[in-house]
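**Q** These are the residues of each chain, in order.
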Amino acid sequence: MDNSISFHIIRRMDERDIGPVSVNEGLHFDVSGTIEEARMELSLRFGEIFSGGVSVMAHGPDADDDSHSLISKTILPSDRDFFPTVIDMIDSSEYRVVFPETEERKQILESIVTLLSTATLEEGYKRMVMEKLLRLLDWQLKDILKTLTEERDVLKYGNKNTKK
Amino acid sequence: MEHKPENIEGELSAKELEALNQEKLQWRRERIRKQTTAKIGAVLFSAWVAMGAISGTIEKGAGEKGRSRTSISEVLREKEKKLPLDFKWLTDYLGRSKRDAQKPEAKKGTLTKGGAIESRGVTAPRKEMVQTQEMIEANAEMERIEEMIRQTEAKMHASTLWFEYYPSKFAYRKGEESKQEKMGMSGPISYVEFVQWVKKRPEAMQKEQGPTLQGFELANIKSEEFEAYLKAAYPKSWLQHISSITYTNRAEKMGPDYGPNLQDWQVCGEMDRERGSIEFFADCKDPNKLLKSLSHELGHSVDWNKNKVMSLEERLQFQQKVLERVVAPDRFVSEYVESIRGTESPKEDMRLRAGEYWAVIVKEYFAHPPNYWNGGKDPGRLSPKDLELIKWFFAKTDPDFDVLSHKKAHSDYVATKLSGGTITPPKLFIQTNHKPNG
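These protein sequence lines are chains A and B, in that order.
Each residue of the first sequence is one higher than the last, beginning at 1 in the numbering used here.
Each residue of the second sequence is one higher than the last, beginning at 1 in the numbering used here.
It is worth saying that the hints were derived from the structure and are not from the lab.
It is possible that part of the hints are untrue.
Claimed, not checked - Pairs of lysine to any residue residues, derived as SDA-like cross-links and limited to a Cα-Cα distance of at most 20 Å, are as follows: (1) A:132 / B:166; (2) B:155 / A:13; (3) B:408 / B:238; (4) B:24 / A:154.
All chains, please: the whole structure from these sequences, using the hints.
**A** This is the structure we're talking about:
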């Protein structure tokens, strides 16, 4: 797993591209590439967003397994979900995250969009995927592409297990 | 009991066979859709799903089964109404025309080819779960709660409650779907337990010890006396939200977070909800000022964001009530709250103003309860609707609390501990109708 991620920060308020940011596993932010006027604001905001570390909350069972309560899980840097969670947390604030456009990424995105148009997913779900696409990490995009390709093949050729 | 032959297809007419094939195709397509939905959901919400797997409610991955109408997509759909996202932005990004992007690659008719495959050996349709009246009522209740969230979201920037509700619902749904899968069932999910959880109050806190106090000697306050004052003056549940209170002898400025109007203001105290800690700074070195600010900071600790006594539903209601008050013509006008503007967005302004409005009216309520000063003739500065909100709040959290006990403890403490007995506490305690339910 990479030990850092780089992306562009878009300020939601005015959709301005503030510049490139990188985050490493220790949650150290490099905002030196961003526009100067936004650096202080970004540093403060990131400090605030991640002050409690990287964690998620979910609905889990209590000890008796019948009732439920909120539980939280800390995502460690070694966890596969670490960077997706970091991106989610940034994207939940006043910034949008966009990854640099590479030829490979562009092709994957194009393929996903094409496959999505014929996928069986409900329209609402498709919209959700579309909304999130640009802020997904490369491995997430590849996973989605793989799933959609598999679905297309199953629809076309039937169950993989029965395919001769 | 009617006996059906095993080879049922042999007994059917061509038309009936075709209808059966169509039904099987439909089931197959539905099964594939659910599998795809679950797999993609596992990528998009992997952290939540992983968490569910740890806690045991959710099976590996996103569960073998998924319903595509997720809460998140519902929310996004709502968001899209306000911020039309559709395909355009992405197709623009990819340099493709919208028409091309939406043009299907292959006709869905390919499925008909699969019809032959499906004619034998197809997975039997699952048993459909029956929607009970209880489930219908739970869905209606959930819709009401989500409408409340949507109304709030339209007014202010992402609330912490939003991030508690939707991930929880997502994880719950995954758990329920997994249970259904094991039972070979299909159909509507029961949200009865989820709605019960949203309405359920947390277990009563067992915390006996009060907050740890540090640095108060620097402000000429004795920690033991201050601790006794805290216990006497504030509602029981409030102190359970606080782990530490610290005084630091350094000046602190507001900075840019609350907008340009306030960035040069000195900070008197601040509350960290995550840690449950309050820190006072040099601007609050005067103990009287510190005590007033304390009510404000304690107010933050029990607001909707991290209130440990109220249910999630009550916290949502609480937030909504305060949001209504912040913009009401008869609101309590304070220079501080009114100066919060020009942050990154109007919705962020509103989020900050709502939090501060609550803390400001709490401070005002403790300092100037209605019909307390001036021999009980002073009605106070809070509007009846703000008082109604405060009463509603205490009815939920500390129904036995009486603000008169705060005033008495405050007067005693100021008179005997801070002023060396030179201040005479007010002699008239006329008003007795401060009880939240009174």
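**Q** It remains to establish, for every hint, whether it holds in the given structure.
**A** Hint-by-hint comparison with the structure:
1. A:132 / B:166: holds, 16 Å
2. B:155 / A:13: This hinted pair holds, its Cα atoms lying about 15 Å apart.
3. B:408 / B:238: holds, 18 Å
4. B:24 / A:154: Roughly 15 Å separates the two Cα atoms, so the pair holds.
Violation of the numbered hints given earlier is absent; every hint is satisfied by the structure.
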